[in-house]
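A.B. asks: Turn these sequences into a full structure, and let the hints steer you where they fit.
The listed protein sequences correspond, in order, to chains W and E.
Plus 1198 on top of the position in the first sequence (first one is 1) and you've got the numbering used here.
Plus 1198 on top of the position in the second sequence (first one is 1) and you've got the numbering used here.
Quick caveat, the hints were computed from the structure, so don't treat them as lab data.
Treat each hint with caution, since some may be false.
Because identical chains cannot be distinguished in the list, a pair is counted as satisfied if it fits within a single copy or across any two copies.
To be verified - Below, in silico cross-link-like pairs of lysine-lysine (DSS-like), each with a Cα-Cα straight-line distance of 25 Å or less:
no., residue 1, residue 2
1, Lys1673, Lys1634
2, Lys1577, Lys1535
3, Lys1533, Lys1385
4, Lys1436, Lys1783
5, Lys1906, Lys1744
6, Lys1577, Lys1344
7, Lys1436, Lys1604
8, Lys1792, Lys1246
9, Lys1376, Lys1714
10, Lys1819, Lys1376
11, Lys1309, Lys1783
12, Lys1604, Lys1874
13, Lys1376, Lys1910
14, Lys1714, Lys1859
15, Lys1310, Lys1577
16, Lys1344, Lys1497
17, Lys1874, Lys1634
18, Lys1221, Lys1376
19, Lys1310, Lys1744
20, Lys1634, Lys1310
21, Lys1309, Lys1535
Keep in mind that this is a model prediction, so the values were computed, not measured.
2 protein chains.
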Amino acid sequence: MKRIIIAVIALAMAIPSMALEQKSPNGNVVLNFELNGQGTPVYSLTYKGQVVIKPSTLGLEIVSRQGDLMEGFEVTGSETGTFDETWQPVWGETRDIRNHYNELLVKMVQKKSGREMNLRFRVYDEGIGLRYEFPLQRRLAYFVIKEEHTRFAMTGDHTAWWIPGDYDTQEYDYTESKLTEIRGLMKGAISPNASQTPFSDTGVQTSLQMKTAEGLYINIHEAALVDYSCMHLNLDDKDMVFESWLTPDAQGNKGYMQTPCVTPWRTVMVSDDARDILASNLILNLNEPCKIEDTSWIKPVKYVGVWWEMINGRSQWSYTFDLPSVQLDNLDYSKTKPHGLHGANNENVRRYIDFAAEHGFDQILVEGWNIGWEDWFGKSKDYVFDFQTPYPDFDLDGLNEYAHSKGVQLMMHHETSASTRNYERHLEAAYDLMNKYGYNSVKSGYVGNIIPRGEYHYGQWMNNHYLYCIQEAAKHHIMVNAHEAVRPTGLCRTWPNLIGNEAARGTEYEATNGSKPFHTTILPFTRLQGGPMDYTPGIFEMDMSKNNPRNHNHVNSTLARQLALYVTMYSPLQMAADEIDNYLKHMDAFQFIKDVAVDWDDSRYLEAEPGRYIVAARKAKGTDNWFIGCTASEHGYTSTVALDFLDPDRKYIATVYADSKDAHYQTNPHAYVIRKGVVTSKSALKLTAAPGGGYAISIFPASPEELKGLKKLPATCQ
Amino acid sequence: MKRIIIAVIALAMAIPSMALEQKSPNGNVVLNFELNGQGTPVYSLTYKGQVVIKPSTLGLEIVSRQGDLMEGFEVTGSETGTFDETWQPVWGETRDIRNHYNELLVKMVQKKSGREMNLRFRVYDEGIGLRYEFPLQRRLAYFVIKEEHTRFAMTGDHTAWWIPGDYDTQEYDYTESKLTEIRGLMKGAISPNASQTPFSDTGVQTSLQMKTAEGLYINIHEAALVDYSCMHLNLDDKDMVFESWLTPDAQGNKGYMQTPCVTPWRTVMVSDDARDILASNLILNLNEPCKIEDTSWIKPVKYVGVWWEMINGRSQWSYTFDLPSVQLDNLDYSKTKPHGLHGANNENVRRYIDFAAEHGFDQILVEGWNIGWEDWFGKSKDYVFDFQTPYPDFDLDGLNEYAHSKGVQLMMHHETSASTRNYERHLEAAYDLMNKYGYNSVKSGYVGNIIPRGEYHYGQWMNNHYLYCIQEAAKHHIMVNAHEAVRPTGLCRTWPNLIGNEAARGTEYEATNGSKPFHTTILPFTRLQGGPMDYTPGIFEMDMSKNNPRNHNHVNSTLARQLALYVTMYSPLQMAADEIDNYLKHMDAFQFIKDVAVDWDDSRYLEAEPGRYIVAARKAKGTDNWFIGCTASEHGYTSTVALDFLDPDRKYIATVYADSKDAHYQTNPHAYVIRKGVVTSKSALKLTAAPGGGYAISIFPASPEELKGLKKLPATCQ
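C.D. replies: Here it is, written out as structure tokens:
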């Protein structure tokens, strides 16, 4: 199904203060534009008649003898149109995605300088995208951005779920507060990280989720971040105005532009129903269509890995403690003394291969397989890895052969230590090696301060690098899951081999500093707006000392919620992150992880409130199997889930994996109940997520044969 | 012939203030070392009993909680030895090079921190090399250098031939002054450049040539600049002490070190005969032996090129004036309007191919062959060239075939605009393309400010890049001639495919701002110490307006001196840089350029005084052909050249290409005389170089047949 209607009306007259308006297809969202008395562009936004964004100025501060692109503009024309198209993602939450908006293009010239700058607005039923566009012109062929001054004037002291603005990390725990409280809470919100550069007492990151006193949900983010630096938001907490704050480069500049060019889209999503924010495809829709012609090699992945044991400290990425420093080309590891804690050893990897094959996983991640881990971090070391040479106890050839013989694949791992020149120099050979041995996906990492030194993780330089790797990987038919890379902005539509990202506080923190119990009720509103997260759920042992006696951390979740995350945290790449031995203790619960799909024909957000709870139901790709997940904050959550999305003509077997009545993320996280029974589209299940808990449900259509002896699942089954 | 004798004496005792001494093989140069009262290493140097370097401290300022590596050292032992080896360069000034030195290794520990730092001195008959060495150690595994504090305390207010210290350019005109005059002359010495970052009123570059009031010639430079930033010298002009001043990175740091490691050698050459400085191989000898196993593909090159016409402004590198900016992947040049001034067009290139083939040149450089030149400079443009796509009027395939059919080759050109990430991303494909079409040498360029932004041309980051390109080129059997790269430090011994460099003010400036007439009497003392320069001599038309009516510049040289430069400016890569039409007017003089060799079995510096004159004689590789060149300052120079280096048993035909009596670089540069006659080893020729002039002589052994009718060349023949 493909419907495209574009109507264009071009106005040629220059009307300095002309007011322009564009409405969303259903009329709920209204965008207004005008130039103010100084010739500065101003936009505002309403939703169902309520003000969402008060009049807010737009403009760019640039390095130019002719001054900034902030004022003195005249409108030379405008164009409007409607676009309506339904497209099919290579992988996604739904089979079809409708892209339906009304557009307003405002053409402007800065009278004094003769420079042209246009603004394009796309107005959707659940929000807008706006971007700056610069046509090819002699008077503005190249320019350097000092700062972008896109404002978002709030109507009041909204509640926000925010993390500190930072040029180098997104791995902060969320804080829920009023906007006016951000300044006072900032210091406490900046927890330690391997690389971090906060910049302002009121600087926060996007996607920023807010809620007004009147019950409007507002979300600010960006889409299609290509060849530009990542945007933060800095709050004027007197007037409640957010302003864009770009990531600088080593010299403090924030963007190098060559016309014709456009900025990324600045997005404002709005609804009076929180579920609309989760269900929205606005960010994806604002990205370019897929640029990969043959996508048949791109496949969702469920995986296990030699990983959690290093994260919890039981084993090591490195091979030896002998070496104060490693010079890769001058070292024979076989002559060093192994410390015996190396996780990526043949025996261990074979065990994971066996486990993956037995339980239907696609791949096995193995971190620490390649030489260089002895001094990989914090040394500002240029030539830190070669991405090609295995440690002596990792049989690259043999392990891949073994995996393939069992119908599974190894997943490649490329930690770069943020030494990006070194990575790019080895990229082709590293991807060639993957092709040679039959790896089709890579988890890459950028831990530590960026090399070239002075650049930041989210600057234009690095954003260019991340995309370069994705594009080069596509040539090799390789899927990329980049950790510590910039937060996603929907580029996975254009490059669906970008199968995952980290770009937020993942499960790994549960093994060290922990995350707040409400964490997973926020991420789908914020981090997941731009694309899937490799959150690595599935931790069954919450007491880290059981894995490693020296580790006294605790996972702030119940076991049942760990299952739910496979549904609530949408991703085509899902890990069962815990160690095999911890799964073996709970194989009944593990069944859900085995069953759950990673690609979907349909998704429904049944209930949602940021910071409180999310209940989602998804229909597995090409089947009539449904999976439901609920994650709740420390307050827990009880509700009745109506299964009215099921086929009314069929009967299903549902298995509920829920917190026990006495479950609690801190004191009793492993208490769960499993109930199996028959359900139909008329069923409604009253379910309770414990504090920091949740539940998961699998629902399979069943033949009369299969239904034999099974009872109807009671409305209350915990 | 290979003689190696190493004698090692290790002293195990820690003697805090122990004085150590090492003499050169002939005893003329004496190096003294001790620790002063603060435990700071101090060295000094004498030559034939005269002080050259007064006691001077050594040390490194580093980022460390344990403090700098500047004081508190104890000597824990020392080793001495003698090394004597004769090696054969792949190409060079002589067939054999003797590497003969006495060595002193001082082993030290910083008592407080337990960190080890050693100093290695190699004492030659014509000077010393010293370097810092850091053994592998847990207490100093990684460190960041804030500054190196290697001092060179002069004995007085010497005369120096200097150019301003600068992180981004070496292309300054030399100034001759007393050391105390540098500060006052600095501002005037800093002429404009496409990228420049001077840093101090008394900062100068190496190699720095000086002369004492007592007639000692002293030269300070460095050798084996690998994975370190380039050293400048900053003068304390009260005490006449030079101190090392490294090139910083974008964050102001000056070096990232990983033990085990060494710094480059800091060199001091000294003699009471200026010719010894020119003849010295100290810099080459301090570099590692050749690392390329099969060097059969490395061959000296004499070339012409489509180049001077762009330098003088008659034609253009670009193809069209249509485009305010070029996006390489979105442009069809064949649809743009050519401006008709594109130099690298098929017809013009074919004419150069014909000319090269007819006159015995090996290669033809063609700049501007590839797309992107419309906005190549000054835009901080990342993706500026792809190094692979020719302009529509350059038939890559056809022109190479045509050249090969005539027995010559095209020379590749890679201007990078200093956008080094882009270059590295395309490097493999660009070298592959060269292999495919049969190019075996590339002239690369780094014009403009470095990308990654904030890095400098001579910082560790870029020095790593230059060497990376050389090493990758070697894998492709490609010779590299890098312009705007860091000044050479003898690395061509290790990587002889580094066939040339610019790294100084080349002939191109004669077409724009000009260079002082004494320029070429200084370069062999300074710039050429580290390796050959692609100086591009051979300009026959000194009046630029004859090439391009809009260009009113003048070449500050006589035509005869342009011939001499092929001998005085040693390089295995020599260009005949002028346009064909200018050569056609002086084919008698052009004969010398056709005849002169580019590789040598022997070289003699007959007379030399920096800033005044150089007379050199060289014997062509594998032959008994000799070539003599003389270059003189604005004062001219007259002397009698004894040909006693000729085989006493043979007769030779000499052809003298000399300034006419009334020649003058400004008023009468094209006036020359050519005299041909018989010479022997007993001949002595009185010859005069005009102001800014010079002369060249070719000497071929002749059979009685060839000698018939030829007279003895008179002692005075001008």
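A.B. asks: For every hint, state whether the structure bears it out.
C.D. replies: Right, here's what the structure says about each hint:
no., hint, in the structure
1, Lys1673 <-> Lys1634, "both (14 Å within a copy, 22 Å between copies)"
2, Lys1577 <-> Lys1535, "within (22 Å within a copy, 53 Å between copies)"
3, Lys1533 <-> Lys1385, "neither (48 Å within a copy, 58 Å between copies)"
4, Lys1436 <-> Lys1783, "neither (54 Å within a copy, 79 Å between copies)"
5, Lys1906 <-> Lys1744, "neither (41 Å within a copy, 102 Å between copies)"
6, Lys1577 <-> Lys1344, "between (31 Å within a copy, 16 Å between copies)"
7, Lys1436 <-> Lys1604, "neither (62 Å within a copy, 78 Å between copies)"
8, Lys1792 <-> Lys1246, "neither (44 Å within a copy, 85 Å between copies)"
9, Lys1376 <-> Lys1714, "within (18 Å within a copy, 70 Å between copies)"
10, Lys1819 <-> Lys1376, "neither (40 Å within a copy, 83 Å between copies)"
11, Lys1309 <-> Lys1783, "neither (72 Å within a copy, 56 Å between copies)"
12, Lys1604 <-> Lys1874, "neither (31 Å within a copy, 85 Å between copies)"
13, Lys1376 <-> Lys1910, "neither (46 Å within a copy, 102 Å between copies)"
14, Lys1714 <-> Lys1859, "within (21 Å within a copy, 92 Å between copies)"
15, Lys1310 <-> Lys1577, "between (51 Å within a copy, 23 Å between copies)"
16, Lys1344 <-> Lys1497, "neither (41 Å within a copy, 49 Å between copies)"
17, Lys1874 <-> Lys1634, "neither (45 Å within a copy, 67 Å between copies)"
18, Lys1221 <-> Lys1376, "neither (30 Å within a copy, 77 Å between copies)"
19, Lys1310 <-> Lys1744, "neither (70 Å within a copy, 43 Å between copies)"
20, Lys1634 <-> Lys1310, "neither (59 Å within a copy, 52 Å between copies)"
21, Lys1309 <-> Lys1535, "neither (72 Å within a copy, 30 Å between copies)"
Hints 3, 4, 5, 7, 8, 10, 11, 12, 13, 16, 17, 18, 19, 20 and 21 from the earlier list are contradicted by this structure; the remaining hints agree with it.
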